[in-house]
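Fit chains H, C, A, B, Y, F and E with the ligands to the known structure of chain G by using the hints.
As they're listed, the protein sequences go chains G, H, C, A, B, Y, F and E. Each residue of the first sequence is one higher than the one before, starting from 0 at the first, in numbering that gives the first Met the number 0. Each residue of the second sequence is one higher than the one before, starting from 0 at the first, in numbering that gives the first Met the number 0. Each residue of the third sequence is one higher than the one before, starting from 0 at the first, in numbering that gives the first Met the number 0. Each residue of the fourth sequence is one higher than the one before, starting from 0 at the first, in numbering that gives the first Met the number 0. Each residue of the fifth sequence is one higher than the one before, starting from 0 at the first, in numbering that gives the first Met the number 0. Each residue of the sixth sequence is one higher than the one before, starting from 0 at the first, in numbering that gives the first Met the number 0. Each residue of the seventh sequence is one higher than the one before, starting from 0 at the first, in numbering that gives the first Met the number 0. Each residue of the eighth sequence is one higher than the one before, starting from 0 at the first, in numbering that gives the first Met the number 0.
No lab work stands behind these hints: they were computed from the structure. Just so you know, not all the hints are guaranteed correct.
Unchecked claim - 20 Å max Cα-Cα, derived EDC-like pairs, lysine to aspartate or glutamate:
1. Lys-40/E / Glu-155/H
2. Lys-6/C / Glu-31/B
3. Lys-35/B / Glu-78/G
4. Lys-228/F / Asp-216/F
5. Lys-2/A / Asp-9/Y
6. Lys-173/G / Glu-144/G
7. Lys-206/E / Asp-12/C
8. Lys-79/G / Asp-216/E
9. Lys-185/A / Glu-152/A
10. Lys-40/F / Glu-153/G
11. Lys-35/Y / Glu-78/H
12. Lys-85/H / Asp-216/E
13. Lys-1/F / Glu-155/G
14. Lys-35/Y / Glu-161/A
15. Lys-179/A / Glu-27/Y
16. Lys-241/C / Glu-195/C
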Amino acid sequence: MQHEVMFAGFGGQGILLSAKLLAHAGMEQGYEVGWVPSYGPEMRGGTAYCTVVIADRPIGSPIIRNPKHLVAMNRPSLEKFAPVVKPGGVILINKSLISIGSNRSDVDEIAVSVNEIAQEAGSIRSANIVALAAFAARSGIVDLEILRRCIQEEFEAKPKLIPINMKAFDEGVKAARIS
Amino acid sequence: MQHEVMFAGFGGQGILLSAKLLAHAGMEQGYEVGWVPSYGPEMRGGTAYCTVVIADRPIGSPIIRNPKHLVAMNRPSLEKFAPVVKPGGVILINKSLISIGSNRSDVDEIAVSVNEIAQEAGSIRSANIVALAAFAARSGIVDLEILRRCIQEEFEAKPKLIPINMKAFDEGVKAARIS
Amino acid sequence: MGKTFQKPQALSDTPTHYCPGCTHGVIHRLIAEVIDEMGIRGKMVGIAPVGCAVLAYNYFTFDFQEAAHGRAPAMATGIKRVRPDLMVFTYQGDGDLASIGMGEIIHAANRGEKFTTIFVNNAVYGMTGGQMAPTTMPNQRTTTSPMGRNVAEVGMPIKVAELIASLQTPAYITRQTVIKPKYIVKAKKAIRQAFEYQLAGKCYSFVEVVSTCPTNWGLTPLEAVKWAETTMLPYYELGDKKVPD
Amino acid sequence: MGKTFQKPQALSDTPTHYCPGCTHGVIHRLIAEVIDEMGIRGKMVGIAPVGCAVLAYNYFTFDFQEAAHGRAPAMATGIKRVRPDLMVFTYQGDGDLASIGMGEIIHAANRGEKFTTIFVNNAVYGMTGGQMAPTTMPNQRTTTSPMGRNVAEVGMPIKVAELIASLQTPAYITRQTVIKPKYIVKAKKAIRQAFEYQLAGKCYSFVEVVSTCPTNWGLTPLEAVKWAETTMLPYYELGDKKVPD
Amino acid sequence: MSYRYTIDVDRCKGCGLCVAVCPKHVLEIASELNAKGYFPAYQARPQDCVHCSTCCIMCPDVAISIVELAEETV
Amino acid sequence: MSYRYTIDVDRCKGCGLCVAVCPKHVLEIASELNAKGYFPAYQARPQDCVHCSTCCIMCPDVAISIVELAEETV
Amino acid sequence: MKKVLMKGNEAIGEAAIRAGCLNYFAYPITPQSEVAEYLSKRMPEVGGVFLQGESEVAVGYMIFGAAACGARVFTTSSSPGISLMSEAISYIAGAECPAVFVNIMRGGPGLGGILPSQGDYLQSTKGGGHGDYRMLVMAPASVQEAAEMVMQAFPLAEKYRNPVMILGDGLIGQMMEPVMFPDHLRSEPSNKDAWATNGMDTRKSDKRNLVKSLYLDPNVLNSQNLKLKAKYEQMKREEIRFESYNTEVPYQALIVSYGTMSRVCKTAIENLKEKGIEVGLIRPQTLFPFPEMAIRQACDRPECRVVLSIEMSMGQMLEDVERSVQGKKPVEWYGKCGGEVPTPEEVMDVVRSFLKQYGKE
Amino acid sequence: MKKVLMKGNEAIGEAAIRAGCLNYFAYPITPQSEVAEYLSKRMPEVGGVFLQGESEVAVGYMIFGAAACGARVFTTSSSPGISLMSEAISYIAGAECPAVFVNIMRGGPGLGGILPSQGDYLQSTKGGGHGDYRMLVMAPASVQEAAEMVMQAFPLAEKYRNPVMILGDGLIGQMMEPVMFPDHLRSEPSNKDAWATNGMDTRKSDKRNLVKSLYLDPNVLNSQNLKLKAKYEQMKREEIRFESYNTEVPYQALIVSYGTMSRVCKTAIENLKEKGIEVGLIRPQTLFPFPEMAIRQACDRPECRVVLSIEMSMGQMLEDVERSVQGKKPVEWYGKCGGEVPTPEEVMDVVRSFLKQYGKE
Ligand SMILES: Cc1ncc(C[n+]2csc(CCOP(=O)(O)OP(=O)(O)O)c2C)c(N)n1
Ligand SMILES: Cc1ncc(C[n+]2csc(CCOP(=O)(O)OP(=O)(O)O)c2C)c(N)n1
Ligand code: SF4
Ligand code: SF4
Ligand code: SF4
Ligand code: SF4
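Chain G on its own, in the form it takes in the complex (with noise of 0.2 Å):
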């Protein structure tokens, strides 16, 4: 089995942050790993975008073209990467910035008002969390336990922050599940 799956959103959204989490749980997992971010100058506004790919067995190239699963946290990114996500795989929309859909049929397609729901949990930062929960909630790929692990052991340094990103992990899941 291989997974991959595309992170996007403004730089400063935690894109490359949600990315490594989902990556290490993989890791933790007894899975191959490999995080490739978009790198260059300094831009700020852009689109940030990050891969991760989750494989049973060496991963060969890094480089994805057509992921399995998306990530969308704002309306660019769905936009640009919505079209290239392979039948069959799941694309997270980030509701609160984003007004429209994909338009595909042959995914699975889950809008979460990640931003709002960091908000009640306590900061707005916490939205790659959200997000981050309720895709992995709904793809299943890695298991949740360990990736709630990896995000306390993430936060380590700062303590204080733990609690908010705990709530934003379980927030983002049980909205994986409703919606």
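This is chains H, C, A, B, Y, F and E with the ligands only, laid out in the frame that chain G set:
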């Protein structure tokens, strides 16, 4: 035909110039010529040397280990190069500074008190011209008239040096004849 | 009595890639305004550095060259020596000019090359992600001085304008800033002055501009402006360091 | 009451390749005498430049590295950072240090690297045959300024000691000469002082020595000494430019 | 005499520098994103604007312009 | 007390700097070349030498040395 | 030692420390600045040296100075920065000092771009600097391999007293993968008293050491160069490393590819296999010395119709492949250089079309 | 035009002026400082530009700046100096500007020596700088040829908008030979208004020009690199130059040699002929593009038993010779690198011993 002449002495004895003048005369006479200096970082008091090749066909290797002739302006260079001169060549020895001979029976050795002659001619600095003239006269590899003209040309810029050097030249030629 | 304001002709319509509140944009505009006012757009050759301003050529509407990191002054020298009639300026950041390009700037200034340098001092390497620059302030944290610049280890920030002004060759050397409207007006005058000296073939001209890098300082644009004023200006004193007689 | 005099132990027996009357030899000896007196030969690492002193390592009896042209300060930095306990000096000519090596010397000085630089200013490129140096005097003829240095074209000679002294980082910066016995005595004191600061880990130390190049100046050794005194010393003023507090 | 004051919404990066320097406190930051994902500035109290162009001088992105209107167009 | 004053003929490059700085005008340049092709310096008037070592200090080639002789060797 | 998820650049920094190298000098440049950022934190923790030099030229000589006094030292940079170090690399090789250079390649020439590329193959294997020297060049294809090669590079540099280069592309530096730092690759710096200028007191000797590359006597310089040549010949005998992939089956085409590009080729090979097309791969892990023999033998297989040099450069490794194949089989090139890594699909099409072109008539 | 006796270095300077290049920037270095010394006198006489830069790094960019605004410009240096220019050369190639670089090679690596060498063959032909670029490299074997190649270099640089290098050894620079400057090689600088940043007024246009090498979009950078590659392929079709010597007779060995070394080989070939041994010579006059085909065909002659790459370097050109021969004949190397030019006698012995080794059994 191909003649190779090695000029050698202390830096500052005008080695490079007399070599150049010989090459120039050769060229004016319609021969192929090459002038190859020894060059190195500034090191005063060392032995400087320079090879001139004069031939009637294109010159292959301009690097000569066994020259046909030698003009030795000081003792170290006589000691260093006399042994490698080809049999039948001319070895000119600056008697003013060199008390010994080449002890080669298979060459045409000629010893001239170059410095003293130059002094009389008007300046010790024209010693190289004396040596050149004597060598040219003895070896006969270039036309003396042409060589004389080349020397005049060389000093065009400093006209007052011309008479001195012409005198030096003539005395050098004379010295070759008598010795 | 109100004033009008519009984009100068020497500036293109392309929106810049600079971060919100980055004062590179202000400096670009001032240069363009001076060029418009002097009517020299057709003689101009700008030289972009390697730094956040590497794409500066996208924002101007006259000839441009793109230098290697730190070497803009050498390129400008090449141009002015073969085409003294052209108007040339280098636009350089503090990593570009004060670190890797130190030799080139000192020698160009000392030879009295007749071009103008606009030196953007934002106390950090912007483009590559906020590493320490020779101009980084004592104790300032950067991605390569995580504990803050330790002057005992790496020395004091370099006051480039003063350093260059200490050379013997006549030149126009000044330090300005663009963090507030009142300073911006002065900075524009200085740039005009520098270009005038060049046009007259008088001397080398150098305008250091204390600037901001909100992104790599980890501050909002407003905080950044404050920090520049309270931390940088006391060390990097504004004003002319040298004028040709 | 007479004095005795012998070759210091830090100096080898090898006769130098320097031209007659070239003061490189005096400077070598002074360094060696200071090292003997301080008893630090076993800690020394010298760095030879590319210039007439490229073979300096043949004349000293302690560890030596040979730098690339102008890069001795970077090499010294490499050594002192990994082995602060070693005593390190760079020996550099004016082409080496003031032309190609300007960036390295300024940054090493500004970082306050704890090594010593002996800077031999002879107003010309010696080894390569007398080309113009950044320190060449106005109107001085060299093989690349046949009409004399034209300051309108290539600027004024660089006063390196003053330039480096203008940096903010504490350092010991001085200019000396060795063209007469009385100066030689002073120069030796300065070199001693520089090495003492290094030994104490106090600061960067820099001793510029106004020197002669009879060969490329086209003068006899005695004329050269005169020329240095009458032409160079008025411009290159002797004395300490900066001392650490 | 009258002026047209414009903030090019899509050029604006919402840095807020203009807001800070406006002597009449005319400007504020909007609450919806522009195409580039920034919250742009706008004239909250246009009637107070004296067209001093201070904001224009400060704006790093040349997003603000003020043009004079010929009388009749008023 | 007495000293041995030596000029290493083959180290000397005949630059003449010592000759110029000697306060007692002891030194002169010889008229025959040394092995390296230089005219070396020598003490023309050794009796005038006060062993001030000025020449030693000036010599770029460390060609001059002065050693103190133990009494008995005199 | 447990697996950790790490960015290639950080893994490279950590690997050096694990290998026992506590001295790092560098100048920032994308896409490898994270090495410096990581080590600016880590070196102080382990009592090591971190210094940001003023330029790559200066850094090259800081490395030289430190290496010449016996320290284990390394630097990292990217393409233009390596060009600026080429004089220093030549000096270090000439003076026979051990040092490790990491080049995380970006697109060139000139300022080029900052995305992955393999455009510095010739520069690193044929000598960017002047004179008769070579570097031992290792090319990792994963973060794990990058870490291991960095750890192996130091003892190799010391074995040969010669610079060793790790040649990675931007992707190797930017990508995160699980990595383990094998303890057995930790190595003690070799004793350098015989030649290093570490101070006579340090080595309790009154014989001074001299590190230099100037030999004014042509015969001495010639023998010095012959000595260097002998070291490079020894590398060719002892250090060649490569991976063979899918070469146990009868393959119709042989791909030669390294680094990130080789991973794409592997995926392509797997996909072609499913379609019944067998393609072999030789992945050079050392670019100098180059696995000439392996390629010569591999291409000699009767079924093999064509050899493809697939690179993220415009036909640089191609020349070494041609040299290796010696005309036994046609050699073709495919590549891209600009930052976009060719996809497995592209590689599959390329293989198919060349197989068609060289189909049995 | 009459023959004059001139030092190679001075002839190079004069040739540039005769070719219509009045702009020169350089930094002194043995064995080519005479070019700068000569032009510091001559340029003012002809109203040209002479400037001694502060370093080779700076000079490289002075050349770039001047070339980018449309001036005909050149520089001269020697091995270490060229290493310091390698970043600039990569930029100039990337930005497609015409410029001429002369490298009067000395012994390396490092400081090496100052005597003649050919140790920079790989650096100049494979790219000392980073990225996918090449220089057109011409190698003169006499002062006359050096002068002619310099005069030809400028139009070639402008034809391809690419740096051209004249690769000579110290002997070419230091030797005096008779030289003539053929008037027909004088050429007018081409019109560069289409791309040069010479000021919009100058070209009476309001379209601005931009000289750059940065292409952040990987596809654009890739097509830029393909464009460069196409130029280098065109050079291979149109610019290859070589001399064949004694190839009309059936030769038992083929020597490939260039520059000063090739002259020694010619003398050796003449002497061997007298002894009844026939040896052919291919002398590449362009090192890039390299005369592959000529060598491949020449070595195919049935009598030819071995191909010898004879260089003043440690087997650098050898790699190109091997690539060209494609295994058709054994390829051997002989050379020296340190400053001493091998003698005809040495070459004769080498030829004899290899002929013995590859004698018909
Ligand atoms: C030779 C070389 N070294 C390093 C780099 C990487 N680099 C690009 S921009 C930059 C520093 C930019 O900082 P600065 O000059 O201060 O300009 P800013 O981005 O702050 O405006 C560096 C180190 C490069 N492109 N080339
Ligand atoms: C990179 C490089 N450029 C140029 C040279 C040639 N070179 C050798 S020494 C020298 C200048 C020496 O002059 P200076 O530093 O003043 O020392 P001096 O000989 O006068 O003592 C030059 C240019 C070189 N060896 N390497
Ligand atoms: S990184 Fe800094 S300097 Fe660069 S654009 Fe952003 S704010 Fe401006
Ligand atoms: S050339 Fe000048 S500096 Fe060099 S040794 Fe001679 S006198 Fe001294
Ligand atoms: S200053 Fe300009 S960019 Fe900033 S908020 Fe105001 S209008 Fe927008
Ligand atoms: S100073 Fe020294 S070298 Fe010069 S003449 Fe006197 S003894 Fe000889």
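Evaluated hints:
1. Lys-40/E / Glu-155/H: OK: Lys-40/E and Glu-155/H at ~18 Å, within 20 Å.
2. Lys-6/C / Glu-31/B: With Cα atoms ~26 Å apart, Lys-6/C and Glu-31/B exceed 20 Å; violated.
3. Lys-35/B / Glu-78/G: Distance of about 14 Å is within 20 Å: holds.
4. Lys-228/F / Asp-216/F: holds, 18 Å
5. Lys-2/A / Asp-9/Y: Violated, at about 23 Å.
6. Lys-173/G / Glu-144/G: Answer holds: Lys-173/G to Glu-144/G is near 14 Å, not above 20 Å.
7. Lys-206/E / Asp-12/C: holds, 15 Å
8. Lys-79/G / Asp-216/E: holds, 16 Å
9. Lys-185/A / Glu-152/A: violated, 36 Å
10. Lys-40/F / Glu-153/G: It holds: about 18 Å lies between the C-alpha atoms, which stays within 20 Å.
11. Lys-35/Y / Glu-78/H: This hinted pair holds, its Cα atoms lying about 14 Å apart.
12. Lys-85/H / Asp-216/E: violated, 69 Å
13. Lys-1/F / Glu-155/G: holds, 19 Å
14. Lys-35/Y / Glu-161/A: Answer violated: Lys-35/Y to Glu-161/A is near 41 Å, above 20 Å.
15. Lys-179/A / Glu-27/Y: Holds. Lys-179/A to Glu-27/Y sits at ~18 Å (cutoff 20 Å).
16. Lys-241/C / Glu-195/C: Roughly 15 Å between the alpha carbons, so the hint for Lys-241/C and Glu-195/C holds.
Hints 2, 5, 9, 12 and 14, counting from the list given before, are not met by this structure.
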